[in-house]
Amino acid sequence: MKHIRVEFHPLARAELRKEVQFYASRARGLARSLRDEIQTVLDLLAEVPLAGQEQRTGVRGIPIRRFPFTVFYRAEAGRVYVLAVAHQRREPGYWLERMEE
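Residue numbers (the working numbering): 1 to 101.
These aren't lab readings, by the way, just hints derived from the structure by calculation.
Worth double-checking, as some hints may not be accurate.
Listed below are the simulated EDC-like cross-link pairs for lysine to aspartate or glutamate, each with C-alpha atoms no more than 20 Å apart in a straight line [claimed, not checked]:
hint, residue 1, residue 2
1, Lys18, Glu91
2, Lys18, Glu47
3, Lys18, Glu7
4, Lys18, Asp36
In this text the structure is predicted, and so the values were computed from the model without any measurement.
Using the sequences and the hints, build the whole thing.
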């Protein structure tokens with residue numbers, strides 16, 4: 001099966017780092033669990049780019065198991081471009097401006 005590359009918007013990568021650091025400060029092992037769950041989603045998207053549910057034209061979202069986050073992304077020719085790793089209850093849609101980049 002063909003894998004495509006997964007790339008991050010710079011702000012999406014930064015917010016992921018921030019959330020991992022937050023969970024690391026809360027309890028031992030939580031940050032690793034979050035990273036593992038996100039990696040599972042990224043691996044799935046590399047194999048099945050249309051796995052997430054369409055949220056808006058051209059943008060899909062897939063929730064992270066066990067954590068209150070959704071990965072929002074665009075499936076493009078040859079890549080998946082992650083726009084946001086967004087908390088499901090905070091500032092909905094804050095990342096929409098990234099769709100234009």
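Are there hints from earlier that the structure breaks, and if so, what are their numbers?
2
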